[in-house]
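Visitor: What follows is the residue order along each chain.
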Amino acid sequence: MTEFDIGVIIDSLPFLWQGLMLSFSLTFLAIIGGIVFGTILALMRVSGLPLLSISAAAYTNLLRSVPLILVIFWFYFLVPLIIGEAIGSYYSALIAFIIFESAYYAEIIRAGIHSVDKEQTSAAKASGLNYWQIQRFVVLPQAFRNMIPILLTQAIILFQDTSLVFVVSLRDFMTTASIVAKTEGRLVEMYTFAALVYFIICFAGSLCVRRLQKRITV
Amino acid sequence: MISLEGVSKKFGDFRVLNQCSTTVERGEVVVICGPSGSGKSTLIKCINGLEPVDQGTIIVSGSDVTDPVTNLTRLRSRIGMVFQHFELYPHMSVLDNICLAQEKVLKRNRRESVEKAEFLLTRVGLADQIRKYPRQLSGGQQQRVAIARALATDPVAMLFDEPTSALDPEMINEVLDVMIELANEGMTMIVVTHEMGFARRVANRVVFMDQGSILEDRPTEEFFNQPQTERAQDFLSRILPH
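Chains A and B, in that order, are what the protein sequence lines are.
Residue numbers are given in the working numbering: position 204 of the first sequence equals residue 205, and the series is strictly consecutive.
Residue numbers are given in the working numbering: position 121 of the second sequence equals residue 1141, and the series is strictly consecutive.
Here chain A stands alone, though its shape is the one from the complex (with noise of 0.2 Å):
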């Protein structure tokens, strides 16, 4: 090893770049998707109804058993036997992501319903709305408000595990830092800049979290 060399990162930040966009695009895609299931699972799960509840505990406690690497490698093997073809990988690490998320997501929304104290549903009740106007205009908008802070954090574990996608050959940020580090034997330069970059993020996240909660508490 020389000295540090910069030109080498200067070089390759359009292909990095790429790499940045893939890991955003999964991120913003996974979030997105895992919101809406995981609050469709939550719903089940403080439905009431046996049925409901039950399978929708028992996806939350199993996905939330297995390493996150495994539901990759899972989907990527088996999306193509199920329905016949290949779906390529981005799509199914972004399935992957999306079933595993929403079991934590619906964790963290069913933690925020119950957030929400119990007499305002028994005044929405009184009024006649029904069990989903209650959800929809009652309860869910703030059971969001009180979990923005925790919605966020999970966002933000949710950016670094998208890493884990190198298993089925996307190209993420880490895995394009990687491939210049390999291929140019600049392995000091690429893998200090990537944790850089990594850090900025995420630090930059946790700051609005912790604004957001002081917004929110006051």
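These aren't lab readings, by the way, just hints derived from the structure by calculation.
Since this is a predicted model, take the numbers as computed values, not measurements.
Hints are not guaranteed to be accurate.
[What the hints assert, rightly or not] Just a sample of chain A residues kept apart from chain B, beta carbon distances all over 12 Å, derived:
| # | residue |
| --- | --- |
| 1 | TYR60 |
| 2 | SER90 |
| 3 | THR122 |
| 4 | ALA127 |
| 5 | LEU130 |
| 6 | TYR132 |
| 7 | ILE135 |
| 8 | ARG172 |
| 9 | TYR192 |
| 10 | TYR199 |
[To be verified] Taking CB as the label site, the calculated pair distances span:
| # | chain 1 | residue 1 | chain 2 | residue 2 | range |
| --- | --- | --- | --- | --- | --- |
| 11 | B | GLY1032 | A | SER116 | 47 to 57 Å |
| 12 | B | VAL1089 | A | SER54 | 49 to 59 Å |
| 13 | B | GLN1039 | A | ILE33 | 50 to 60 Å |
| 14 | B | GLN1156 | A | PHE145 | 42 to 52 Å |
| 15 | B | GLN1156 | A | LEU82 | 51 to 61 Å |
| 16 | B | GLU1135 | A | ILE41 | 29 to 39 Å |
| 17 | B | THR1077 | A | GLY85 | 54 to 64 Å |
| 18 | B | VAL1089 | A | ILE33 | 54 to 64 Å |
| 19 | B | GLN1231 | A | LYS119 | 23 to 33 Å |
Glycine included, C-beta positions come from ideal geometry on N, C-alpha and C.
Given the coordinates of chain A, work out where chain B should sit on it, guided by the hints.
Guide: For chain B alone, kept in the frame of chain A given last:
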């Protein structure tokens, strides 16, 4: 209008309601009082089915609340309810609080519900607060908004569950004034309260409860002048000002 027949309810082994029966006629104002833990709040919540009962029947304008085939959401929109802690929706403006059930349950359009909200807020003296959020209002103002919200679906009867218990003393009267006006206009009302002055002024009857049972159910003057049971006498001697 509202009749309860042999209503009983248990929480585990604890008997919260024990064979409660009473009737409330159209336009009547009935005050339910009694020591805390006597089942008053539970009883009033049974009337619109917020609390399921174990035994007995509750008929509200012809519909049986305890019958599983009764459309409870429809029935509930015909009964207004006011809670001890107001329970306004904190994420909605005063206007939206009053419009929600009108639009979602009665399917009124926005213009109609806004007009109704403005009318009701004027009535409770808060027309100028329509754009505010609940947290920007005092407790008394919040409870008056809650009354307006309960009236928005044109209920045939109103239930009040300790509407002034969570209020600072100087705010109690502004809420009671609205309730007295409502009573004078002929609204059917069931009110759980410790405000005996209010009971004396507008109640037709007083129901006294203790340990889940209705011990007295008689015209207001009779209840205050000659309470029949020892426990009611005891309760009155403690709650009435010396």
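Visitor: Could you see if the CB distance from GLN1156 of chain B to LEU82 of chain A stays within 51 to 61 Å?
Guide: holds (59 Å)
Visitor: Go ahead and decide if the range 23 to 33 Å is satisfied by the Cβ distance of GLN1231 of chain B to LYS119 of chain A.
Guide: holds (25 Å)
Visitor: 47 to 57 Å was suggested as the range; check whether the CB atoms of GLY1032 of chain B and SER116 of chain A agree with it.
Guide: Given a distance of about 26 Å, which is not inside 47 to 57 Å, the answer is violated.
Visitor: Confirm or reject: THR122 of chain A is not an interface residue toward chain B, with every Cβ-Cβ distance exceeding 12 Å.
Guide: About 9 Å separates THR122 of chain A from the closest Cβ of chain B, which leaves it inside 12 Å; violated.
Visitor: Per the stated criterion, does the least C-beta distance between ILE135 of chain A and chain B lie above 12 Å, as a non-interface residue requires?
Guide: violated (10 Å)
Visitor: Using Cβ atoms and 12 Å as the threshold, tell me whether ALA127 of chain A really stays out of contact range of chain B.
Guide: With a cut-off of 12 Å, ALA127 of chain A comes too close to chain B, as the shortest Cβ separation is near 4 Å.
Visitor: Is it correct that the beta-carbon of LEU130 of chain A has no partner in chain B closer than or equal to 12 Å?
Guide: violated (6 Å)
Visitor: Going by Cβ atoms, does TYR192 of chain A stay more than 12 Å from chain B at every point?
Guide: holds (46 Å)
Visitor: Taking the CB of VAL1089 of chain B and the CB of ILE33 of chain A, does the distance hold inside 54 to 64 Å?
Guide: Violated - the Cβ-Cβ distance for VAL1089 of chain B and ILE33 of chain A, about 41 Å, lies outside 54 to 64 Å.
Visitor: Please confirm whether TYR199 of chain A is truly not at the interface, meaning its C-beta sits more than 12 Å away from all C-beta atoms of chain B.
Guide: The claim holds: TYR199 of chain A sits with its nearest Cβ about 35 Å from chain B, beyond 12 Å.
Visitor: Taking the shortest Cβ-to-Cβ distance between ARG172 of chain A and chain B, state whether it exceeds 12 Å.
Guide: It holds; ARG172 of chain A is separated from chain B by about 42 Å at its closest Cβ, greater than 12 Å.
Visitor: Measuring Cβ to Cβ, find out whether SER90 of chain A lies farther than 12 Å from everything in chain B.
Guide: Given a closest Cβ separation of 41 Å, the condition holds.
The structure does not agree with the numbered hints 3, 4, 5, 6, 7, 11, 12, 14 and 18 stated previously, though it agrees with the rest.
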